[in-house]
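Those protein sequences? They're chains A and B, same order as listed. Take the first sequence: its letter number 47 is residue 591 in my numbering, and every next letter is one higher. Take the second sequence: its letter number 190 is residue 204 in my numbering, and every next letter is one higher.
One thing to keep in mind: the hints can contain errors.
Claimed, not checked - Stretches of chain B that chain A covers, calculated by requiring three or more beta carbons in the stretch to come under 8 Å of a beta carbon on chain A:
#1 32 to 42
#2 79 to 90
#3 148 to 159
#4 240 to 246
As the list claims (entries may be wrong) - A few chain A residues that face chain B, going by a derived Cβ cut-off under 7 Å, partial list only:
#5 V564
#6 S568
#7 K574
No lab work stands behind these hints: they were computed from the structure. Remember, it's a predicted structure, so these values are computed and weren't measured experimentally. All residues carry an ideal CB built from backbone N, CA and C; glycine is no exception.
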Amino acid sequence: MTHLGYLIAGWSIGLGTLAVYGWSVARRAKAAARHVPADRRRWMSAND
Amino acid sequence: MSSVGAASPQTAQAADYSVSSRGTRLLGVFILVSVPVLLLFAFVFTEADDTMEDAVRLLYIHVPVAVLTYVAFSLTAVGSVAYLWKRSRWWDTVAHAAAEVGVVFCGLTLVTGSIWGRPTWNTWWEWGDVRLVTTLVLFLVFVGYLAFRSVPAEPETRAKRAAVIGIIGAINIPIVNRSVEWWENNTLHQQSSLTDGQLEDLTLFTWFLGTVVLGAIFVWLLITRFRLAWLEEEIDRHGLVTALEERRAESHVGVEAAVGGSVVGGFQDNPGGPQ
Chain A
545 MTHLGYLIAG
555 WSIGLGTLAV
565 YGWSVARRAK
575 AAARHVPADR
585 RRWMSAND
Chain B
15 MSSVGAASPQ
25 TAQAADYSVS
35 SRGTRLLGVF
45 ILVSVPVLLL
55 FAFVFTEADD
65 TMEDAVRLLY
75 IHVPVAVLTY
85 VAFSLTAVGS
95 VAYLWKRSRW
105 WDTVAHAAAE
115 VGVVFCGLTL
125 VTGSIWGRPT
135 WNTWWEWGDV
145 RLVTTLVLFL
155 VFVGYLAFRS
165 VPAEPETRAK
175 RAAVIGIIGA
185 INIPIVNRSV
195 EWWENNTLHQ
205 QSSLTDGQLE
215 DLTLFTWFLG
225 TVVLGAIFVW
235 LLITRFRLAW
245 LEEEIDRHGL
255 VTALEERRAE
265 SHVGVEAAVG
275 GSVVGGFQDN
285 PGGPQ
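Generate the whole structure from the sequences, applying the supplied hints.
Next comes the structure, spelled out in structure tokens:
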């Protein structure tokens, strides 16, 4: 396979960035939810 | 981060602060299963290109993230227009969430494109390429949008001004998209390969699969970021109310001490709660 280094770099940066960003957003949201009473957490499920 | 208030004992017992829902969990499972399938198609089942050789495999991620960048910033523009029209906090939060996810996707478009360009065009970056430069401008405008949103301000004023920036920033989207046709002598980019009918079926399918898989990731990120933005604004609004209550209580105590009288009246809670 040609250009293997570029392929590994491109795909790992792409998927890795999305994974880290997703984890970061979920962690920040969980931390924020601790400061908001349950009755004020609208739009957190499909039932809202 | 200021606190809106302590959760009740009952909710504290449950102690479930996750913002995931059944839909986002199902989407997460789909993503975990479909990413390896996409990698199989991108690296194993499809053939190398005659001209680009194996570098073509980078396009199975580069093109979908570019398309989703357009979707994200268009959604910011739609949310901004809808906010100015309806003055709805929901639309402002959609615009904010889409802008942040869009900045991530736009950054990845620039990085994966640069990594693809090095073996294909023999350069990481070309300042004379109109599409590269307009995409960079798009990225920087929305980084500015996010920076503006992080400046402390009264929520309605901030939302209104951010909406104007979001709409102005989105004007660049059709320019980026059409730049290859409008300035065909000032770009290294080729015109769309999707419409010339020369792509193999498996290549087209892998592009389509990449768009579906990355689209699922995009939707998951958008929903989760929306929920985070909603919670942050809840904290902002009620943190401000709490601070005002404290300041007012302090001033009332001061007045009471000065005149020796009693304080009459209270602070009306929750002027800016969810609609």
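Do the hints match the structure? See the list:
Counting residues of the segment 32 to 42 of chain B whose beta carbon lies closer than 8 Å to any beta carbon of chain A gives 6, which reaches the threshold of three, so the coverage claim holds. Under a criterion of three residues with beta carbons nearer than 8 Å to beta carbons of chain A, the stated coverage of the segment 79 to 90 of chain B fails, only 1 such residues being counted. Proximity of the segment 148 to 159 of chain B to chain A, defined as three or more residues with a beta carbon under 8 Å from a beta carbon of that chain, is not established by the 0 residues found. Using a Cβ-Cβ cut-off of 8 Å, 6 residues of the segment 240 to 246 of chain B lie near chain A, which meets the minimum of three, so the contact claim holds.
Annotation: V564 (chain A) was flagged as interfacial toward chain B, and the flag is violated, the nearest CB pair being 10 Å apart, outside 7 Å. Hint on S568 (chain A) is violated. Least Cβ distance to chain B is approximately 10 Å, over the 7 Å limit. For K574 (chain A), the interface hint holds, the least distance from its beta-carbon to any beta-carbon of chain B being 5 Å, beneath 7 Å.
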